[in-house]
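2 protein chains.
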Amino acid sequence: MALPGVKAATTGADLRGQKYGPFRSRRDETGLARDKVRYIGDPVAALAAVDEETALEAIELIKIEYEELPAVFDAEEAMQEGAPLIHEEYERNICAYRNFNFGDVEEGFNSSFHVREDHFFSQGLSHAVLEPRAALAHSDSSGKLTLWTGTQSPYGVRQDLSLALGLPASKIRVIKPFVGGGFGGKGDLMPHEVAASLLAMKARQPVKISLTREEEISITRLRNPMSISVKTGVSKEGVILAQYVKCVANGGAYASTSVMLTYNSGLTCLIPYRISNFKYDGYMIYTNRAVSGAMRGHGANQPRFAVECQLDMIAEDIGMDPAELRLRNATQKGDTSINGLVFNSCELSRAIQEVTKVSGWEEKRGRKDINRGIGIACGGFVCGARGGSHTASACFIQVNEEGGVVLSTGSSDIGQGSETTLAQIVAEELGLSPSDVTVISGDTETTPIDPGTFSSRVTFYAGNAALQAAREVKRSLAEMAAKFMEATAEDIEFRDHKVFVKYAPDKTIAFKNLAQMAISFGQGRSIIGKGQWAPQNTQFPDKITRYGNVSGAYSFAAQVAEVEVDTETGEVKLIKVTIADDCGRVINILGAEGQAEGSVSMGQGHALLENILFGDRGQIMNPSFLEYKIPTALDMADVSFLEVGSPDPLGPYGAKEIGEGLIISTVPAIINAIYDAVGVRVTELPARPEKILEGLRKR
Amino acid sequence: MALPGVKAATTGADLRGQKYGPFRSRRDETGLARDKVRYIGDPVAALAAVDEETALEAIELIKIEYEELPAVFDAEEAMQEGAPLIHEEYERNICAYRNFNFGDVEEGFNSSFHVREDHFFSQGLSHAVLEPRAALAHSDSSGKLTLWTGTQSPYGVRQDLSLALGLPASKIRVIKPFVGGGFGGKGDLMPHEVAASLLAMKARQPVKISLTREEEISITRLRNPMSISVKTGVSKEGVILAQYVKCVANGGAYASTSVMLTYNSGLTCLIPYRISNFKYDGYMIYTNRAVSGAMRGHGANQPRFAVECQLDMIAEDIGMDPAELRLRNATQKGDTSINGLVFNSCELSRAIQEVTKVSGWEEKRGRKDINRGIGIACGGFVCGARGGSHTASACFIQVNEEGGVVLSTGSSDIGQGSETTLAQIVAEELGLSPSDVTVISGDTETTPIDPGTFSSRVTFYAGNAALQAAREVKRSLAEMAAKFMEATAEDIEFRDHKVFVKYAPDKTIAFKNLAQMAISFGQGRSIIGKGQWAPQNTQFPDKITRYGNVSGAYSFAAQVAEVEVDTETGEVKLIKVTIADDCGRVINILGAEGQAEGSVSMGQGHALLENILFGDRGQIMNPSFLEYKIPTALDMADVSFLEVGSPDPLGPYGAKEIGEGLIISTVPAIINAIYDAVGVRVTELPARPEKILEGLRKR
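Residue numbers (my numbering), protein chains in the order written: chain A, 420 to 1118; chain B, 420 to 1118.
One chain only, chain A, in its complex shape:
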């Protein structure tokens, strides 16, 4: 503070609130460390100055004395009795534990024709969003705090910021500008958001903090490193009779969304296939490393990689085509899974049939003359699992006097294009073009409650809310039109920017004229609508058995990857990925294809390239894009996207999710293709050249 130009400085001692975190039962964060620093990167102090140079100079002047504590970095070690405790109240550092036990898994194994058990490891990953996080805070003269921040969940950030600062939520406004990518990592309240808020309140001036790439990778969120054991028993015909999955996730220093992760890892094992006896143990373990949290496919990708790889091993063991094995176990429409998931729509069988047909599966598989291989995998995901304090999505719609429509939604477009999809839904209902709909979103004060963008919920929840509001507006306008056109409201139809009377197609009014007339007609009225939606067929899973239908619908996908392996360098090139996806009815085909391509690129990074490396003190060793490599456009495979979905009864116009479900099966499809190409089975990700070469040597 003595350095000229420094406007405010703060530490955890300035916090007037309590611990926060995205799950009520695991609130363990303070933003700025108070008594204990739990990993290298845990923020302890922040300051604001007139410019960056002064701020950096002032930071050098801060002296911190640390008392060194014993630490533990490996999840298995951290679970041992006597290991140093990261949070004193969590014995053996077990942050979260979830177990399932449906049917009789021992009986299942006993009656199996073939049983095998395998171990897998999925590495730590960065979301690697191209736009680093930034937050701008301003506290006005009334004490009202406004935070502009690149988040997936303005309402969630507001709630946690309220806890952290001890300020009522009504005194905080969170505004989400355009966000350049989130992938699950921008759902939690982050320390720089707390720091910017504290500094703005102290300085009484706006304070902005932008993270560097190094900070982005080191001190935000990672995909959990996870070790997975899978034991599966099948009949002679390849029917899965029993499965036991055990996951141990390294969560780093704070819980984030670990409870959901631990539940999801078990849950998502029961989506793609019919399994009548299933046991699951899932652990999320605290360690003195950077924090893990949600990332695209939250908790599903790691066990899916393990199970789908093992299914290929089993297929080989029993001499069956891996696609055929999957087809024999595929979930069908109308099924209720053993843990209570209700599948009102499911086209997985069709997906497997289409994807093998189109990819040339039969011809390409098992060729020994070239180092090319082909692999298949399946997956499925929720369309918004039951959440916490904000469950439903809400929206408002207003029609302007010149026929333009404003949709106000709390949901957050984080680059996935949800605003386009919502505009399409409203436009479709009102017979307009999407460009006629202005979407306002992600402001806790002017847009209505929405939990945020996670769990693949936006199109399903916010889309249904928008549809409901659009229908309310349509009813109002139809009543008006009926008066002008001497018809009944039920006979009014909306299309091509006009309203028509059914059975009398010559009678029309332009939508914009109808809007103008409706607003000034008679006593005058406003054309407004509201919608709020959550599926009525879901419940929280039972606290003990974990039984319960947690989502209103489920997506399904099958994909086939083709790779070429350079047997001299060990390098794997992803040539082509064919995806058959049941995301219900596709609303925005460009958006769907974009999700498919993005999932392939991200899955490719997961399978082949990316790897967060930890040093001997738990620190991240490769926090830059020079050292942490992600696939670029030059690495991109040819992606073929096949729509195989049928409309879901609950989805808006029958749509389900596509943002997360696809990436889940990309990784095992690639790993299975490597095996098909060169006979090397990779069980620890990523499949880097040195691992392939070692496999080739061993073979």
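I should point out that these hints are in silico values taken from the structure, not numbers from a laboratory.
There's no promise every hint is true.
All copies of an identical chain are treated as equivalent in the list; a pair is satisfied when it fits inside any one copy or across any two copies.
[As the list claims (entries may be wrong)] Lysine-lysine pairs mimicking DSSO-like chemistry, simulated, CA-CA at most 27 Å apart:
1. Lys590 <-> Lys917
2. Lys590 <-> Lys650
3. Lys563 <-> Lys627
4. Lys563 <-> Lys917
5. Lys931 <-> Lys438
6. Lys902 <-> Lys962
7. Lys931 <-> Lys563
8. Lys787 <-> Lys995
9. Lys931 <-> Lys590
10. Lys1117 <-> Lys426
11. Lys776 <-> Lys962
12. Lys931 <-> Lys917
13. Lys776 <-> Lys992
14. Lys455 <-> Lys1110
15. Lys992 <-> Lys783
16. Lys787 <-> Lys1117
17. Lys1048 <-> Lys776
Knowing the structure of chain A, use the given hints to seat chain B on it.
Just chain B, lined up with the frame of chain A:
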């Protein structure tokens, strides 16, 4: 543009739209003059530069060649055949003409005991808002234009800006920040708003224009100078048998809200008193002077001043107490006026009785021993007259998970405190405190349609919309509470931040807990409500007869002013004003008293002090607070405010208007008091010392 630092320059030639103006039938403005400059001050060019100094330097470099045209400045002259035409399409420069003819006015005069005709003149006034107008425009890369501007009508500004620029309204967003006073003058789209928008679109950078005080007074809006003739006939008992009023308003170079003004001047003559034979001719005349427009009491103040002064003359003529004369003619609850106004509530008689009692009318009137006098006047006003393209007010309400409530309204608080009143209405309905309600207002994209703040409509219209939305929210919450409390929704009551079960006062839930439970209970839901309201008992007045109930309710007031006149200097000191007001039920007593005090201060300026002086070329001669004097705190009279209203059946909680109705009778009460003090009758405003001295000399 050649001067370094200049970013953009524009003239009317850049306009791609059409003429605009607040009334569809009188659109005559372009913002920047195109072919013709109509008064000294009519803007012709604008530029934007990096700083004010550079901008001022660049402005000096602009050369304008004017071809001088014949001009006319006086309204009566402008109406003569052969006078230069300000707008070619308006013969004799008659911008607006409205006439009423109800009953048989000639027959009324013929049967009168006493008839007199008098002439009056009300001067031009500035709104003298303490905050000069400012506008900030920004056009983003998508071509979307955002305008932050201190306006009374964001939706109105958007509509006219859309016309001016030829840009669809959906491509324009208007945001109203806090506004430091409007008084009717900030309802129209202003040239600087057009200029800032054009410059921002050209410069592709934000452009801000702030008016100087000189510009505020010279080139925005004025209260119309008006000459008024009144002929009134009364019976021996003082009952008004016939009245003829003729108003000629000088409108300056553009129409603004002249049609409404011309109608209002006639309309408001028929509010306070029962008149069975009434004739009216109203003219609004174009001249080459600065533009007149709406100002507090729009069109009512000038004829009211005339009529209320003449009533005092008549009372003297027939030897009757002026208060008694008014009492004998006062409108009563249940009346329908001869032009169709329906008075569902009216306490004018009580107002006259109370105000005379409390002010000591009997004792103080007619004292000849001191130069003190006392005067009375009455008035009445609409609560939002039927408007144009946006008639209803709309709002949205959302309850947050922590029990805070957000009210989103399109209505504009311009310093009158309407946001407080709306928060009170919502809080009252939900059993909360106003501080629990956050009000978001005046943004065409995030807050729903509202015509704006004019015609004293906000509490009546937006208040009812807020009440409707609050009741919708209350129903949702009551249904939830009923489930938790095992009661029926009808038996749930909201008060003291809690909900109760009627007949079982021990059963309670805190409001904030109910909100939280409701939002996450069962399948989860959002607690949102919407409201849209316009009175159902109004109609546009008939196009020929002008018959029709234009407002859902009417306010009434009687006030008594006491003055002391210095017979040596001619100076009039306003000592005390006692106001008895029927604004229905008062919602915000501080706000109501503020309106009373503000009306007295502004009326005092109108009666005694303020006067826009025009030069021989129509230019304003006194465009600064050095030369244009407004009353200050030191000039303030003692104001006594008496509530005499009873709840109106349509008003929210029974409230009517108070923003405009009061000032209407302040001016004649003061002028009548001067006559009572020293026997000088002022018929031309303002009653400056020289006029008093001249009157004293003549007497």
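Here's how the hints hold up against the structure:
1. Lys590 <-> Lys917: between (44 Å within a copy, 21 Å between copies)
2. Lys590 <-> Lys650: neither (52 Å within a copy, 59 Å between copies)
3. Lys563 <-> Lys627: Classified as both; 17 Å inside a copy, 26 Å across copies.
4. Lys563 <-> Lys917: Between copies, since 25 Å is at most 27 Å while 45 Å is not.
5. Lys931 <-> Lys438: between (51 Å within a copy, 21 Å between copies)
6. Lys902 <-> Lys962: between (55 Å within a copy, 23 Å between copies)
7. Lys931 <-> Lys563: between (39 Å within a copy, 20 Å between copies)
8. Lys787 <-> Lys995: within (19 Å within a copy, 107 Å between copies)
9. Lys931 <-> Lys590: Result: close only across copies, 15 Å inter versus 39 Å intra.
10. Lys1117 <-> Lys426: So lysine 1117 and lysine 426 fail the 27 Å test inside a copy (62 Å) and across (71 Å) alike.
11. Lys776 <-> Lys962: Neither way: lysine 776 and lysine 962 sit 43 Å apart in one copy and 74 Å across, limit 27 Å.
12. Lys931 <-> Lys917: within (8 Å within a copy, 45 Å between copies)
13. Lys776 <-> Lys992: Close inside one copy (22 Å), not across copies (98 Å); limit 27 Å.
14. Lys455 <-> Lys1110: neither (39 Å within a copy, 82 Å between copies)
15. Lys992 <-> Lys783: Classified as within: same-chain Cα gap 16 Å, cross-chain 103 Å, threshold 27 Å.
16. Lys787 <-> Lys1117: within (18 Å within a copy, 124 Å between copies)
17. Lys1048 <-> Lys776: Answer is neither; intra-copy 34 Å and inter-copy 88 Å both fail.
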